[in-house]
Amino acid sequence: MRNISVVAIVLVAIITIAGCQRSDDAGQADGSQPIAIAMVTDVGGVNDQSFNQSAWEGMQMSRDQLGVRISYAESGQGSDYGPNLETMYDAGNELIWGIGFLMADAIRTAAVSNPSQKYAIIDFAWQDTPNNLLGVVFQAEQPSFLVGYIAGKMTESGIVGFVGGISGDVIDQFDYGFHAGVAYANPSARVLRQYADSFTDAARGKSIASQMFLEGADIVFAAAGSVGDGVIEAAKEQGRWAIGVDRDQNYLAPEHVLTSAMKRVDMAIFNVAEGLVDGEWPGGTTKVLGLVDGAVGIAPSSDKHVPTALLAEVRELEQQIIAGSVRVPFNRATFADYGYGN
Amino acid sequence: MNDRELPVTGPAATASTTPWLLRTPAFFAAVSVAVGVIVGGVVLLVAGFNPILAYGEILAGVFSSPRNVAAAIVRSTPIIITGLSVTFAFRTGLFNIGAEGQFIVGSLVAALLGFAVNLPAILHVPLILASAFVAGAAWGGFAGLLKARFGVHEVISTIMLNWIAFYLSNFMIGLSWVQRPQSEASHKIADTARIDILGAWKLSEQGLAWRAANSGSFFAEVLRADVNWGIVIALLLATAVWYILNRTTLGYELRAVGHNRDAAEYSGINVRRCTTLSMAIAGAIAALSGAIQVMGRTQDITKLAIMEGNGFDGIAVSLIGNNTAFGNVFSGLLFGSLVHGGSRLQVRLGAPSEIIAIVIGTIIFFIAIPNLMRVIAALYRRRATRSTAGGSSK
Numbered sequence: 001m002r003n004i005s006v007v008a009i010v011l012v013a014i015i016t017i018a019g020c021q022r023s024d025d026a027g028q029a030d031g032s033q034p035i036a037i038a039m040v041t042d043v044g045g046v047n048d049q050s051f052n053q054s055a056w057e058g059m060q061m062s063r064d065q066l067g068v069r070i071s072y073a074e075s076g077q078g079s080d081y082g083p084n085l086e087t088m089y090d091a092g093n094e095l096i097w098g099i100g101f102l103m104a105d106a107i108r109t110a111a112v113s114n115p116s117q118k119y120a121i122i123d124f125a126w127q128d129t130p131n132n133l134l135g136v137v138f139q140a141e142q143p144s145f146l147v148g149y150i151a152g153k154m155t156e157s158g159i160v161g162f163v164g165g166i167s168g169d170v171i172d173q174f175d176y177g178f179h180a181g182v183a184y185a186n187p188s189a190r191v192l193r194q195y196a197d198s199f200t201d202a203a204r205g206k207s208i209a210s211q212m213f214l215e216g217a218d219i220v221f222a223a224a225g226s227v228g229d230g231v232i233e234a235a236k237e238q239g240r241w242a243i244g245v246d247r248d249q250n251y252l253a254p255e256h257v258l259t260s261a262m263k264r265v266d267m268a269i270f271n272v273a274e275g276l277v278d279g280e281w282p283g284g285t286t287k288v289l290g291l292v293d294g295a296v297g298i299a300p301s302s303d304k305h306v307p308t309a310l311l312a313e314v315r316e317l318e319q320q321i322i323a324g325s326v327r328v329p330f331n332r333a334t335f336a337d338y339g340y341g342n
Numbered sequence: 001m002n003d004r005e006l007p008v009t010g011p012a013a014t015a016s017t018t019p020w021l022l023r024t025p026a027f028f029a030a031v032s033v034a035v036g037v038i039v040g041g042v043v044l045l046v047a048g049f050n051p052i053l054a055y056g057e058i059l060a061g062v063f064s065s066p067r068n069v070a071a072a073i074v075r076s077t078p079i080i081i082t083g084l085s086v087t088f089a090f091r092t093g094l095f096n097i098g099a100e101g102q103f104i105v106g107s108l109v110a111a112l113l114g115f116a117v118n119l120p121a122i123l124h125v126p127l128i129l130a131s132a133f134v135a136g137a138a139w140g141g142f143a144g145l146l147k148a149r150f151g152v153h154e155v156i157s158t159i160m161l162n163w164i165a166f167y168l169s170n171f172m173i174g175l176s177w178v179q180r181p182q183s184e185a186s187h188k189i190a191d192t193a194r195i196d197i198l199g200a201w202k203l204s205e206q207g208l209a210w211r212a213a214n215s216g217s218f219f220a221e222v223l224r225a226d227v228n229w230g231i232v233i234a235l236l237l238a239t240a241v242w243y244i245l246n247r248t249t250l251g252y253e254l255r256a257v258g259h260n261r262d263a264a265e266y267s268g269i270n271v272r273r274c275t276t277l278s279m280a281i282a283g284a285i286a287a288l289s290g291a292i293q294v295m296g297r298t299q300d301i302t303k304l305a306i307m308e309g310n311g312f313d314g315i316a317v318s319l320i321g322n323n324t325a326f327g328n329v330f331s332g333l334l335f336g337s338l339v340h341g342g343s344r345l346q347v348r349l350g351a352p353s354e355i356i357a358i359v360i361g362t363i364i365f366f367i368a369i370p371n372l373m374r375v376i377a378a379l380y381r382r383r384a385t386r387s388t389a390g391g392s393s394k
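Sequences listed follow chains H and G, in order. When we follow our numbering, the leftmost residue of the first sequence carries the number 1, and every step to the right adds one. When we follow our numbering, the leftmost residue of the second sequence carries the number 1, and every step to the right adds one.
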């Protein structure tokens with residue numbers, strides 16, 4: 001037993017000594033207390049290569065450029081949203097973000113319970129938003145339309161694919177925007193559509209995409225969080241094209257990610273943080289961000305694989321969408337209304 | 001309950017040469033926890049975090065406020081119950097990997113009956129609990145039946161049933177009469193089906209006013225957690241499981257099958273019946289956990305992207321609890337507290353959840369293998385015996 005004790009004591013000593021080295025990020029040099037902003041992710045986690053990660057990048061951008069203090073909490077399961085939000089409340093933050101519509105209920109409950117705390121959520125809007133709560137939504141159908149247009153023009157087989165996460169209002173924007181974009185570019189093209197019923201199951205994304213490639217699709221667009229990783233993987237293996245989502249995902253497979261439909265969650269987070277630092281807080285409202293705000297669009301890396309002439313068309317299309325001369329559907333009803341049939 | 005005494009290897013000499021302390025189960029538990037904490041600390045260190053600071057945060061995350069204590073208990077409740085489910089099957093020699101799926105079935109039943117049925121609370125709550133019990137019993141019992149009738153291994157069948165439950169639940173939520181508009185979730189259950197404590201009141205105008213006026217007081221703090229009656233039900237279930245296993249003929253038969261199937265069969269116990277029944281009861285318990293989670297906390301079920309792990313965590317809880325009824329209560333509280341306190345590690349130190357999961361996993365791992373400690377103790381004892389008695393031990 002003495003040996004065990006000795007080992008234990010030595011270990012504890014090592015830990016104590018080595019552990020004391022790390023004690024960084026204490027306040028700012030000038031002594032003023034920086035604003036603290038926190039975010040709670042949905043079950044996707046902060047490394048989902050998409051939406052939550054983009055949010056965290058926006059947080060980091062805020063820290064680097066605005067000097068705010070940042071922190072995050074990942075949710076292991078849906079019932080963790082509430083406790084995580086309360087923990088963030090206890091930690092004394094100026095603003096607490098909920099990332100993703102899955103957190104809508106939890107964040108509203110938190111906002112009602114703690115009226116003096118500022119909250120914001122990505123991808124959700126209420127009719128009556130409490131004054132301490134801000135909703136931020138994106139016109140994701142716009143970049144989806146643009147990548148759909150690119151896919152419609154570039155497909156050689158005349159078949160493209162769409163892989164959705166869990167169907168709902170948010171993914172409908174991507175779904176119908178993409179379908180409309182393809183139809184706008186190439187009325188004879190066929191779009192295969194399948195939902196993964198998941199935002200995390202990359203293996204399922206891979207099998208769905210592989211199946212679509214088998215059926216002759218040569219470009220597949222995934223709006224499904226980490227499921228898209230599998231889609232990109234399948235494109236890489238089979239030498240076809242994938243279209244990324246939320247962030248510029250070209251780096252995941254530089255030769256096989258054609259373009260990405262970007263939804264700049266990072267920009268939204270940064271803008272709100274910037275406002276907050278300037279003492280500006282649009283609580284009780286919903287921010288709708290689109291091409292006009294530069295908060296959505298196609299990825300900068302698109303020029304690697306998309307012909308210049310086509311990119312120029314896309315730029316023009318962007319202007320038409322902003323001007324309203326091209327209307328982009330965002331759900332089944334508008335898809336029919338705007339004359340895209342079914 | 002205590003069929004896991006130390007193996008007495010040596011002759012009477014051991015008793016005199018081994019210090020008394022070394023022979024108590026509590027000692028092994030303590031050493032296991034200590035080793036787990038130390039190894040977890042090394043993991044933290046390698047990842048670049050100060051382990052002492054980190055453990056301090058975990059402790060603070062559990063004990064620093066009434067809300068945290070309450071939240072840790074609330075977090076523990078479902079896994080205590082799924083742990084009981086795993087324990088029940090395990091004592092019959094069955095490995096219930098299916099607690100996850102049974103949990104999902106229970107929450108599905110609770111959600112559906114919660115919003116579709118209109119009853120006063122005094123009937124509504126028992127109706128849901130009973131229905132979840134029956135549904136879970138069917139779900140788990142099916143795996144037991146497959147094992148009893150056709151020899152299909154319960155590990156395989158319950159894993160498959162997990163996926164069936166998972167997709168069944170997601171499919172049901174997609175149905176128009178189940179799905180709440182503008183969400184990925186079912187309708188909310190009726191107030192009469194809720195078992196949370198003052199859950200509706202605390203968000204009402206009066207409740208909010210009271211909480212604002214008394215903010216910081218003990219009760220206002222506790223109410224910030226999703227407090228519910230689940231823990232009481234969990235304790236009752238633990239008592240019931242203990243009673244059935246240790247004080248009834250059925251429990252005796254089940255345990256006999258667990259100890260030795262052939263001997264049990266030879267002595268006239270109906271092994272097939274016991275197998276089916278054990279899995280059915282285990283399934284029913286896990287389903288109750290799911291129902292309690294819906295009635296006490298979530299009030300709806302959402303489309304799951306991944307399995308939440310309440311059932312799988314129950315396996316670990318059961319193992320740590322040494323597969324005893326009340327052991328589950330303690331190990332569940334430990335596990336749940338680590339998970340709840342661990343989230344603070346991320347908030348305060350920015351530790352990635354992967355690291356937190358590894359640290360918690362490490363601690364749990366070492367706690368779950370006190371047998372290793374026993375082996376070490378046996379080695380030490382043998383050496384001690386040899387040095388004092390000239391190597392007479394076997």
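It should be emphasised that the hints constitute simulated quantities derived from the structure, not laboratory data. For every residue, glycine included, the Cβ atom is placed at its ideal position computed from N, Cα and C. There's no promise every hint is true.
Said to hold, decoys possible - Some chain G residues near chain H, calculated using beta-carbon distances under 7 Å:
1. Ala71
2. Asn170
3. Ser176
4. Gln179
5. Arg180
6. Ala190
7. Asp191
8. Ile306
9. Val347
10. Arg382
For each hint, the structure was consulted:
no.: 1; hint: Ala71; result: holds, 5 Å
no.: 2; hint: Asn170; result: holds, 5 Å
no.: 3; hint: Ser176; result: violated, 12 Å
no.: 4; hint: Gln179; result: violated, 9 Å
no.: 5; hint: Arg180; result: violated, 10 Å
no.: 6; hint: Ala190; result: violated, 16 Å
no.: 7; hint: Asp191; result: violated, 15 Å
no.: 8; hint: Ile306; result: holds, 5 Å
no.: 9; hint: Val347; result: holds, 5 Å
no.: 10; hint: Arg382; result: violated, 13 Å
In summary, the structure is inconsistent with hints 3, 4, 5, 6, 7, 10 from the numbered list given earlier, while agreeing with the others.
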